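Number of protein chains: 4
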Amino acid sequence: MPWSLQEVSKHNNVQSCWVIIKNQVYDVTEFLQEHPGGSAIILKYAGRDATSVYEPIHPSDALDKNLSPSQHLGPVDADASRYLAQEESLKRKTKDEIRVEQAMKKRPLLNRIISLADIEEVAKQVLPHKAMSYYSSAADDKISFKENARAFSRFFFKARVMRPVSRCDPSTTILGFKTALPIFVCGAALAKLGHPLGEINITRGCASSQIIQMVSSNASLSYAEIAAASSPSQTLFFQLYKHKDDAIALKRIQEVEQLGYKAIFLTVDAIVPGNRETDIKSPWFLDDQENGTKVYNDGEGAADTNSGLGTAGALIVNDDRDMTWEKTIPWLRSVTKLPIVIKGIQRVEDAVLACEAGVDGILISNHGGRQLEFSFPPLETLYRLRTQHPEVFNKMEVYIDGGIRRGTDVVKAACLGAKAVGLGRPFLYAQSAYGETGVRKLISILEREIVTAMQLMGAAKIADLTPDMVERVDWNPATRAKL
Amino acid sequence: MPWSLQEVSKHNNVQSCWVIIKNQVYDVTEFLQEHPGGSAIILKYAGRDATSVYEPIHPSDALDKNLSPSQHLGPVDADASRYLAQEESLKRKTKDEIRVEQAMKKRPLLNRIISLADIEEVAKQVLPHKAMSYYSSAADDKISFKENARAFSRFFFKARVMRPVSRCDPSTTILGFKTALPIFVCGAALAKLGHPLGEINITRGCASSQIIQMVSSNASLSYAEIAAASSPSQTLFFQLYKHKDDAIALKRIQEVEQLGYKAIFLTVDAIVPGNRETDIKSPWFLDDQENGTKVYNDGEGAADTNSGLGTAGALIVNDDRDMTWEKTIPWLRSVTKLPIVIKGIQRVEDAVLACEAGVDGILISNHGGRQLEFSFPPLETLYRLRTQHPEVFNKMEVYIDGGIRRGTDVVKAACLGAKAVGLGRPFLYAQSAYGETGVRKLISILEREIVTAMQLMGAAKIADLTPDMVERVDWNPATRAKL
Amino acid sequence: MPWSLQEVSKHNNVQSCWVIIKNQVYDVTEFLQEHPGGSAIILKYAGRDATSVYEPIHPSDALDKNLSPSQHLGPVDADASRYLAQEESLKRKTKDEIRVEQAMKKRPLLNRIISLADIEEVAKQVLPHKAMSYYSSAADDKISFKENARAFSRFFFKARVMRPVSRCDPSTTILGFKTALPIFVCGAALAKLGHPLGEINITRGCASSQIIQMVSSNASLSYAEIAAASSPSQTLFFQLYKHKDDAIALKRIQEVEQLGYKAIFLTVDAIVPGNRETDIKSPWFLDDQENGTKVYNDGEGAADTNSGLGTAGALIVNDDRDMTWEKTIPWLRSVTKLPIVIKGIQRVEDAVLACEAGVDGILISNHGGRQLEFSFPPLETLYRLRTQHPEVFNKMEVYIDGGIRRGTDVVKAACLGAKAVGLGRPFLYAQSAYGETGVRKLISILEREIVTAMQLMGAAKIADLTPDMVERVDWNPATRAKL
Amino acid sequence: MPWSLQEVSKHNNVQSCWVIIKNQVYDVTEFLQEHPGGSAIILKYAGRDATSVYEPIHPSDALDKNLSPSQHLGPVDADASRYLAQEESLKRKTKDEIRVEQAMKKRPLLNRIISLADIEEVAKQVLPHKAMSYYSSAADDKISFKENARAFSRFFFKARVMRPVSRCDPSTTILGFKTALPIFVCGAALAKLGHPLGEINITRGCASSQIIQMVSSNASLSYAEIAAASSPSQTLFFQLYKHKDDAIALKRIQEVEQLGYKAIFLTVDAIVPGNRETDIKSPWFLDDQENGTKVYNDGEGAADTNSGLGTAGALIVNDDRDMTWEKTIPWLRSVTKLPIVIKGIQRVEDAVLACEAGVDGILISNHGGRQLEFSFPPLETLYRLRTQHPEVFNKMEVYIDGGIRRGTDVVKAACLGAKAVGLGRPFLYAQSAYGETGVRKLISILEREIVTAMQLMGAAKIADLTPDMVERVDWNPATRAKL
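First to last, the protein sequences are chains A, B, C and D. Quick note on numbering: UniProt numbering labels position 157 of the first sequence as 157, and the sequence is numbered without any gaps. Quick note on numbering: UniProt numbering labels position 411 of the second sequence as 411, and the sequence is numbered without any gaps. Quick note on numbering: UniProt numbering labels position 11 of the third sequence as 11, and the sequence is numbered without any gaps. Quick note on numbering: UniProt numbering labels position 43 of the fourth sequence as 43, and the sequence is numbered without any gaps.
Check the hints yourself; a few may be wrong.
Unchecked claim - Listed next, the in silico DMTMM-like pairs over lysine to aspartate or glutamate satisfying Cα-Cα at most 25 Å (straight line):
#1 C:281 to D:447
#2 D:91 to D:288
#3 D:158 to C:391
#4 C:461 to B:322
#5 D:106 to C:290
#6 B:106 to A:326
#7 C:327 to D:290
#8 B:461 to A:7
#9 A:106 to D:277
#10 A:146 to B:169
#11 A:482 to B:360
#12 D:461 to C:322
#13 D:158 to C:360
#14 B:158 to A:277
#15 D:461 to C:349
#16 B:281 to C:447
#17 A:124 to A:288
#18 C:158 to B:118
#19 A:158 to D:349
#20 A:461 to D:349
#21 B:146 to C:121
#22 D:281 to A:96
#23 A:461 to D:474
#24 A:105 to D:287
#25 A:106 to D:290
#26 B:461 to A:245
#27 B:146 to D:474
#28 D:158 to A:474
#29 B:105 to A:287
#30 A:327 to B:169
#31 A:146 to B:257
Read the hints as simulated data drawn from the structure, not as lab findings. Owing to the predicted nature of the structure, the values given are computational and were not obtained by experimental measurement.
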């Protein structure tokens, strides 16, 4: 029973709401209330094809996971299929799409890219406005975002000389898994917004470079697709956004465990959406750009419809906001044998609590400055933890993320006791700008920078990097140009 | 005996000075010497209609309060009334008025306003130059104004994770009165300069949002008008500028007490006018803009007529400059049963004195940086008070104002012991830009930002916000773009 | 025997060098080697009229003091006199002169001037390039110049409230002499560069405002002319640049003592010229502007003629560079009964030495940042002296200068123990822009700012200003826009 | 057997690779693998004339030192010689060469140059892009480069007054060798890039000014040529980049010892190349400028050819990366009687180790910020060493380099115990802009600035400069405009 467009078009309201995704018809009437992004966005496409807005931000298994089999009504008919294809091909490109197309043709040769800043510069040019807004946005006035990076400027090296470093090995392990460098990919989500292949670019780029990828619960590809793209010896971790319903959370954990993911990073710094203004304002910018005009306020009494929460908000609307040390960690231990890491520790006291709770590691993080504005910079928290509770580093592994853009940043964190550091946005920028090759390029740049810094500091292996090799300065140093 | 314009026009000098306000004739000859704004401005309109300059800065009962009944001479005659109306309708608009009209048509839709900075941006566009100058001006080089806000950038959060926050309640009380958020409207004056409805916009906006308004002695509406606009359950406080004549001050206190105001905030940080240069220079700017030319100095001996003190100066010319702890507080206690709060404490030692004087609360304030340049930032004074005299917080309530523009600012002050914080300029900007709706919008933005920050810090209620949750950093952090 | 131009023109070389100044002929052959500004500049005008370059920087008695009577050869003849007058009247104006003339016509009305920054802004417009370069220049990269002012931004007020201040008296004494404000004019030299009346503008402006003027050894008017312009009750101090020849120095001291100057400020921070690059470069700028072309380097071997030392250098070429505590102070005491103040103390240890040497006061100064780059900011030195050696303030008077531009600056210094503060450049700018009226304006602005600050701090008299009222902050505060 | 171009052109590959340098033919087939700059750059010119790229960066004896006599095949024939000369004369100038030619004609007169910043400004105009990129580049984001200089802004003078300074002598000794000022030329390499005469400009300029030159292992002239250009009484030091092969290193040491060099500065801060991005990107900039177009990325799979390491990388590819205190210093002592200085100490602990190893001195340096980004500023390290280990200064001499641009910088370092300071880039800029005369000019500027600062501080000789004369300030001071 393939469906005609005419038939589908009748189901265009809250009583009966059908949508077409990749020539398949779905009845989403019941799902309207459960959709994390709200019902309004679905109703806008009720009775119509929604593929173009659905695809870049949903993994392929999203509908199957959320609908019952009977709600998948089957394919459209041949006429409909032809018509939709033709519509797609005739669709006028938006100004933003045209800009992106032209920018893609002007990308510099990859061998002229020599720093992460160079990659970010290209990404800024080639990314769709919506993607750039989602990737680059941070909370409020971006102060935590900036301070995450600026913190690194306050730690200077006290290099040792006259030590043998001709053979310098930057490899180490994370939770026992080998890594070529003390870095990992930190659960950056919605990679398809920036590149049609999405997270797979990162997976493939990491495989050849022997870097571990932590996959976000909010990846735009399914966990299975990502696992399938990985090489046999490759390590994947899973970043868990715990659903408030334990049963749903459990299902998610079991899925990734079976897919071969090797650790659970429980996210605790993003239980409600942060106030990411660039992301929230992005659709208005695009509307105004496309229409060439602005709609103005027609009077003071004008209704104030709720402003959106941006792309980010929808992703975590069902997350568990009542996790506790007493309840959540034991439950997690009881349902999985995988190592557990708490992602989002923001102060020394909670690091100690995590240690007492017996987890395998903590990731000191403020979510890249995207959540709580004025959350303490992770490097500063690491420094305080190292100074005040050095014993913690012997009992569990400690990582940080946020603001890392140079090999020297990685080396500083390693000196202060971080087993490894996570990078998020740089990987999104790299895969958006140059796909899988960009990811490999990024890793090779960091490798060169890390090895150079180690050799110039007199360190031939990661274990040679010690706290005495950095000093926190008491003045306000120069920072990278963009900060 | 309605008056002809011809008759009124004869009384155009210091010996006999009549003015017309809203078609009523007043004999202000005796009042000339008492006018807080000086006699010159009245004499400029002697024998003429003065409505357009009088109205935006005087409450409706200003004349009745200051003149004897016999000095109200009665209405103009019908011819005069017609003539004045025609004059008004024919009056050429100034360049500034034209600018404002056009800007009002280009205001963004209210649902695209997502921060207090957005509101301020609109206000900057739509406010008359005089109003913007009065609202935005601050002392000297605006350093205290900027430092008030910059102080918040030095306090970072040390958030707790793994605490239940799905139900988060930001409500609290001020002097026992319920408030939806730990904020209140801080006696911003001359609201009519920015919007024809004036302070009533704020009153109505607060009613529906359950926020307390502190009404300034210098409101551009009468205290009765504002009280009348309030809802039955709504709380109003009164910001007292104490007249140097105790009897006049007493009359003012009794009036607001009878009108149902619930507390007296005695202002001690503005006994003489601050040096607000933008405000002082505003009339010259408007003159030059209107006339298209500047008048230049025609020789070194040219008389140096006294420069004005700006709009602000006139408002407090009769204030009591000899208040003391020994005399003023006991007197105030003796004349009212209302709770007493000292507004304008600027150092720890005076906070302790206030506590010893037995007042119900203090508002640490430097008047938004509008008075003493280089006065200590209120947040820093609060921090020192919290550290050096924690016992004070148990004996009286402590508030701060100055520089608060984000929910995180409110949360920081609450962590350090402030029962609530006052906002002034933001409410003036909101009501100027969007009237009552703007005020509601402002409150809803702060509510969202406060609740988000609390949840991300692991706080489910105001009492969960504790001093250990903020750390004063020893570096110079990034600040909001405009600072 | 009036001289013809033809006769004078023969004496145009180092063997016989005559010049004409205001129609008088002088034989300066012997003086060539003694001229502080070097012989080259005189030889440029040998045998010719030199009035236009001589007059703005020399007091009227400069020639009589330096030449023997026989070297004053008498007047030019009538033809010469006519010819020189005609030449002067026909002289094409330079581009800089034309610019200044036009700028003078566009000066704002004086009653629109409300801050010292406003005055400086006008001065910048109307001053000849040479004068502005001399007045504004400072050592090297102007860092001490900037830091002098920035230091004030680090001291915040901790104001007292609830203190009676309706009657506020900012007057005090300096060395026992009454002053309306705790300020004095700090020996700013070469006032004629900026205004034809020169230092007399300042003298007259101070007379009516009851402010003390310290007159520089390098004034462009004679000490007698300045004394003659003062009112009977007016106080003048003398800033002594001690000549290396004690006899010449003594003559200078005796002259001012007889003229009624009331104190000697011995300058010890300018024994060699500072490196003032703007001043040094000024003649090149003017040459290039006038000629419309630059002369370029014609080869690497081109002779490197000595670069000048600017206007400043010549003034102090004969100063005593070998003064000592042991020798100089006793000598000075032995030759004058006037109070002695050491101007140019730059560290606490030297303040203590001065105290032990029994002088009447010290002026902590780094010469407005014009001499030793990176010399400690005077306010910081005062703060250290106050903290480390409070007893010094009981034994002698302490003043500071450098960077003072606001009433709050004056009040801060007074809080920290300064009996008064000196201002230099602001007075030069004021007299250049508006003559004597400008000087009065400057003083009235400072009076208003000082009184306002005192009242807002709860101080009714200078003695109420105490060290606890300022706090040195540990962050980097905002500074005035130009810093 | 002079060679024809035809014959030479056959040897254009890796099997047989000949090149022509100044009309001489060389067989570099075997040398291809040893060339520090890699084989690719040689193969680009295989079978052809390579003079123009070879000459500016190789000393004249480079080929003889690296090839066996039999590989020097002899001259080209007369036809070839004529042809090559004609080719050279017909060669179209690049845009960069044209720019440089024009800029050289617009250099300011040397007597208008009054600061090192002025010299640098001219150098920026007249230097070829490649030279400027090599000279000015620094590691990563140039933060260490900037901080080296900014560190000086944190040290303020506490000048002494009333001390005899009319006779002020800034001379001192380095390792017992007399110097007119406490400065020396710090092994700046590749001077021929900026001026055809190269390092000799510096040698000659120093001779007449009595300043010691430290000659880099990587000089673009041979050590013999430089020694030959020196005057009999002139002192030269040698900056040793130790080859990983001890035998080759020994040969180099013996050569300079025989040439009369007076000390060995062993470089330990540049054993691997730093990441100098401006230098790396320079060839791409020039290519794009010349060709007027950019080559863009033609697809994500495009091969990522290795990016270069810039001019700097090639110079040190064979350096010893396994030096140790135990092995290298004793070896060096055993092979030379010259004084030994370790160049590149970056922390206090290594200064102490060097002292214990018995060397004659250390040069605290981070290689001008060109190597390890975030290496501690040398002045700060010196300050810590002075405070924590004052005894070290009695046992060996201590120098610093990095960021010195003013006489006050030199004086600060001297106050803190540095026997002398090294300057690198300024000498390269001076000789590039004005040749030997520029070098003399630079020294005379520093002399004037040093003497002025000493006199204003009350110091008549270097020994009068003591640690108490500087104070490290706890605020963020203004810095020179470019920082």
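Comparing the hints with the structure gives:
Taking the CA atoms of residue 281 of chain C and residue 447 of chain D, the gap is about 19 Å. The hint holds against a cut of 25 Å. Taking the CA atoms of residue 91 of chain D and residue 288 of chain D, the gap is about 19 Å. The hint holds against a cut of 25 Å. Proposed proximity of residue 158 of chain D and residue 391 of chain C is supported: the alpha carbons are some 21 Å apart, at most 25 Å. Among the hinted pairs, residue 461 of chain C with residue 322 of chain B is consistent with the structure: their alpha-carbon atoms are about 14 Å apart, no more than 25 Å.
Distance check on the hinted pair: residue 106 of chain D and residue 290 of chain C sit about 19 Å apart at the alpha-carbon level, within 25 Å; holds. Under the criterion of a C-alpha separation no larger than 25 Å, the hint pairing residue 106 of chain B with residue 326 of chain A is inconsistent with the structure, at around 54 Å. Among the hinted pairs, residue 327 of chain C with residue 290 of chain D is inconsistent with the structure: their alpha-carbon atoms are about 70 Å apart, more than 25 Å. For a cut-off of 25 Å, the pair hint linking residue 461 of chain B to residue 7 of chain A is broken: about 52 Å separates their Cα positions.
Between residue 106 of chain A and residue 277 of chain D, the direct Cα distance comes to roughly 21 Å. Compliance with the 25 Å bound is thereby established for this hinted pair. Taken as a hint, the residue 146 of chain A and residue 169 of chain B pair is broken in the structure, with Cα atoms around 30 Å apart against an allowance of 25 Å. Taking the CA atoms of residue 482 of chain A and residue 360 of chain B, the gap is about 48 Å. The hint is violated against a cut of 25 Å. Distance check on the hinted pair: residue 461 of chain D and residue 322 of chain C sit about 14 Å apart at the alpha-carbon level, within 25 Å; holds.
About 22 Å separates the Cα atoms of residue 158 of chain D and residue 360 of chain C, which keeps this hinted pair within 25 Å; it holds. For the hint linking residue 158 of chain B to residue 277 of chain A, the alpha-carbon distance of about 23 Å falls within 25 Å, and the restraint holds. Between residue 461 of chain D and residue 349 of chain C the CA atoms are separated by roughly 21 Å; this keeps the pair inside 25 Å, and the hint holds. The hinted pair formed by residue 281 of chain B and residue 447 of chain C meets the criterion: a straight-line CA distance of about 19 Å does not exceed 25 Å.
With a C-alpha separation of about 20 Å, the suggested pair residue 124 of chain A and residue 288 of chain A falls inside the 25 Å cut-off, and the hint holds. For a cut-off of 25 Å, the pair hint linking residue 158 of chain C to residue 118 of chain B is broken: about 33 Å separates their Cα positions. Taking the CA atoms of residue 158 of chain A and residue 349 of chain D, the gap is near 9 Å; set against the 25 Å cutoff, the hint holds. Our distance criterion of 25 Å between C-alpha atoms is met by residue 461 of chain A and residue 349 of chain D, whose separation comes to about 21 Å.
A distance of roughly 23 Å separates the Cα atoms of residue 146 of chain B and residue 121 of chain C; the hinted pair therefore holds under the 25 Å criterion. For the proposed pair residue 281 of chain D and residue 96 of chain A, the alpha carbon gap of about 31 Å is over 25 Å, so the pair is violated. At most 25 Å may separate the alpha-carbon atoms for a hinted pair to count; residue 461 of chain A and residue 474 of chain D exceed this at roughly 36 Å. Our distance criterion of 25 Å between C-alpha atoms is met by residue 105 of chain A and residue 287 of chain D, whose separation comes to about 19 Å.
For the hint linking residue 106 of chain A to residue 290 of chain D, the alpha-carbon distance of about 19 Å falls within 25 Å, and the restraint holds. In summary, the hint linking residue 461 of chain B to residue 245 of chain A is supported, as the alpha carbons are separated by about 24 Å, within the 25 Å threshold. Between residue 146 of chain B and residue 474 of chain D the CA atoms are separated by roughly 22 Å; this keeps the pair inside 25 Å, and the hint holds. Pair hint residue 158 of chain D plus residue 474 of chain A holds up; C-alpha atoms about 21 Å apart against a cutoff of 25 Å.
Distance restraint check for residue 105 of chain B and residue 287 of chain A: the Cα-Cα separation of roughly 19 Å lies within the 25 Å cut-off, and the hinted pair is therefore satisfied. Distance check on the hinted pair: residue 327 of chain A and residue 169 of chain B sit about 23 Å apart at the alpha-carbon level, within 25 Å; holds. Distance check on the hinted pair: residue 146 of chain A and residue 257 of chain B sit about 50 Å apart at the alpha-carbon level, beyond 25 Å; violated.
Checked against the numbered hints listed earlier, the structure breaks hints 6, 7, 8, 10, 11, 18, 22, 23, 31; every other hint is satisfied.
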